[in-house]
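Here the structure of chain G is known, so what remains is to put chains V, R and A in place on it, guided by the hints.
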Amino acid sequence: MNELLLAAAGLIVLMVAIGLARILLGSNDVERLMAVQLLGTGGIAALLLIAQATNVPGVEDVALGLALLAAFASIAFINLLDVDQGDAEA
Amino acid sequence: MIALLDLFSIAAISAGTFFFLAGTVGLLRFPDSLTRLHALTKADNLGLGLVALGLIPHADSALSALKLIVIWVLVLLSGGSTSQLIGRALRRGRK
Amino acid sequence: MSLLPILDVVLAGLVIGVAIFTITARELFASVVGYVAYGLLLAFVWIRLYAPDVALTEAAVGSGVTGVLLITAGKRLGALKNAAPEAQPGFAFKLLTGVLAALVASALGAVILMLPDPPPSLAPEAAAAADGAGAGLGNPITAVLMSYRSLDTMLEKIVLILAVVGVWSVGTDKAWGSAPAPLRQQEPYAPMVFLAQMLAPVGALIAIHIFWTGANAPGGAFQGGALLAAMWMVTMMARLTDPPRIDTQWLRVALVAGPAVFLISGLAGEVVAGAFFAYPPSLAKPIILFIEAFMVLSIAAALPMLVAGPPSERPD
Amino acid sequence: MTPSVLAGLTGAALVGFGLYGLILHPHPLRKLLAFNLMGSGVFLIFGIVARRGASAGFSFDPVPQAMVITGIVVAFAASAIAVALILRLSAESGHVTLDPEVWTGSNGGDTM
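Chains as they are written, first to last, in this note's numbering: chain G, 1 to 90; chain V, 1001 to 1095; chain R, 2001 to 2316; chain A, 3001 to 3112.
The shape of chain G in the complex, shown without the other chains (with noise of 0.2 Å):
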């Protein structure tokens, strides 16, 4: 079972580095932020599947911490972007 959480956990990353990658070299801002909030819900996830097959305790806050603070982080990230499209019609 432990095995089969690991292999989901790195499948997870691997699919999230694909993707970030990709994006952060390729591409526009808007972009760059998405994949952030792709690491974001694949770190959360590969996390409690490791932090359950390794038996790290009080891994379940991190990870609400985690969820918290990645809406925090596109929040600000957003708010940036489209002010400087608001500056740009004005």
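Derived by calculation from the structure, the hints in this document are not laboratory data.
Quantities reported herein were computed from a predicted structural model and do not represent experimental measurements.
You may find that some hints are simply not true.
[Said to hold, decoys possible] Below, a sample of chain V positions facing chain R; criterion: calculated Cβ distance under 8 Å: (1) LEU1074; (2) SER1078; (3) SER1081; (4) GLN1084; (5) LEU1085; (6) ARG1088; (7) LEU1090.
[As the list claims (entries may be wrong)] Listed next, the in silico BS3-like pairs over lysine-lysine satisfying Cα-Cα at most 27 Å (straight line): (8) R:LYS2094 x A:LYS3031; (9) R:LYS2075 x A:LYS3031; (10) R:LYS2174 x R:LYS2075.
In this text, a Cβ means the ideal position worked out from N, Cα and C, and glycines have one as well.
Coordinates of chains V, R and A only, in the frame set by chain G:
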């Protein structure tokens, strides 16, 4: 009963991993930002949701099971709203 | 357990890759995005080192709040898109810097490979502290922070206050006493207001929960305070509130409350238990939780004020 | 290779990259970012010392870990002051760079 729960976990976690895979493939293959956003939300909503669902039977207590659900709801909430905002930023950028 | 080492290597590779991106990215915005991603990844490394407390602090303060500080600064600098036409340093200089950096890194690496065996450890003393003055705390890190090294923790709170004073005093004379510039100028869009209204109360609840479980499980005053601070900043970014004027009474009381209560309890320990920062063992846990509650308040007030910056005379 | 040695070497590499960026970037905020990167590398090295110091029934040494937590918060406080100084400096002088040639060239450098 235990075996049944394990089977459920394995199925849910595999499905969740599949959605992460699908989301990443979408990010790589879709032609423009809006469709890539569409792919990303699949990983957010279903991927994490199914993984959390699969882990619930293994939770130590009712509280940690509840936390898993709260994590998922938080990600759903923020993912949904920020996608809306990202989409708006994209549309404005294109004008 | 054969998959775990591979995962570790992948994680380390990711951390280094994102770090390189952060350093080499052409634009400031991309580089800050990279830095936030880097902080998240580092949190996972900390989890693998069995340090969930540090992971949470790194994610909250090191990545989240620092990232917001930097993009807010970049926005105010008006240089986020095109940093000043940078004179790119010459190739020889780059090479020299690269060699220097590589030397430092390899020296550090060599030191790490030659660390003494068996490793020195303060764990037994910390355990003694957790049993004695920090009695009843199941989380050894909270015991260290609040009992074994409590003086450090108090001074660190004072550093936070000094930093707030320092940031405030960088403002112009005319602006003294007024509010820092808001974190957003325009009216926010409806989805952002909705998200902030949903997120902030839930987030505050989670922050308090993390503070409370910190006595026995990963979590504690720093992490809870930082999350609470993040939630306050969320409401500021959605313009549900604006940064308060810096001469507001409640703000100043909130900033000073943590260290003040800490110091008074320390002095009281001199009288009651016979040593500075000694707690009577039977009351240790309630006292520590009491002090920590005020620390949470101070951290939650200080971090957003540090991000909001010095007072500004006009809402620009 | 144990996870802690791997993490320690990662930390050493991070210090190297941070130092490189700190010296080379003329933009002050980029310098600050690089400095923070360097700092987190140092924390990581501290962290593996904590992990190796496992004894007395813990799976880690809580003292270095607690000090890393205070360290992260102090690093943030220092960054906040640096940001405030950078903003004021550029508001007063009109420059957004720490490149010495810009300063000595156009503004005489006497405002520093």
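Taking the hints in turn, this is what the structure says about them:
1. A cut of 8 Å between beta carbons decides the hint on LEU1074 (chain V): the least distance to chain R is about 7 Å, and the hint holds.
2. Interface restraint check: SER1078 (chain V) against chain R, minimum CB-CB distance 6 Å, threshold 8 Å, status holds.
3. The beta carbon of SER1081 (chain V) is positioned within 8 Å of a beta carbon in chain R (closest approach about 4 Å), and the interface hint is therefore held.
4. With its C-beta approaching chain R no nearer than about 4 Å, GLN1084 (chain V) sits inside the 8 Å limit, and its interface hint holds.
5. The criterion of a C-beta within 8 Å of any C-beta in chain R is met by LEU1085 (chain V), whose closest approach is roughly 5 Å, and the hint holds.
6. Taking 8 Å as the C-beta contact cut-off toward chain R, the hint placing ARG1088 (chain V) at the interface holds, the least distance being around 6 Å.
7. Annotation: interface hint on LEU1090 (chain V) violated; nearest CB of chain R at approximately 13 Å, more than 8 Å.
8. Between LYS2094 (chain R) and LYS3031 (chain A) the CA atoms are separated by roughly 15 Å; this keeps the pair inside 27 Å, and the hint holds.
9. About 16 Å separates the Cα atoms of LYS2075 (chain R) and LYS3031 (chain A), which keeps this hinted pair within 27 Å; it holds.
10. Between LYS2174 (chain R) and LYS2075 (chain R) the CA atoms are separated by roughly 23 Å; this keeps the pair inside 27 Å, and the hint holds.
Checked against the numbered hints listed earlier, the structure breaks hint 7 alone; every other hint is satisfied.
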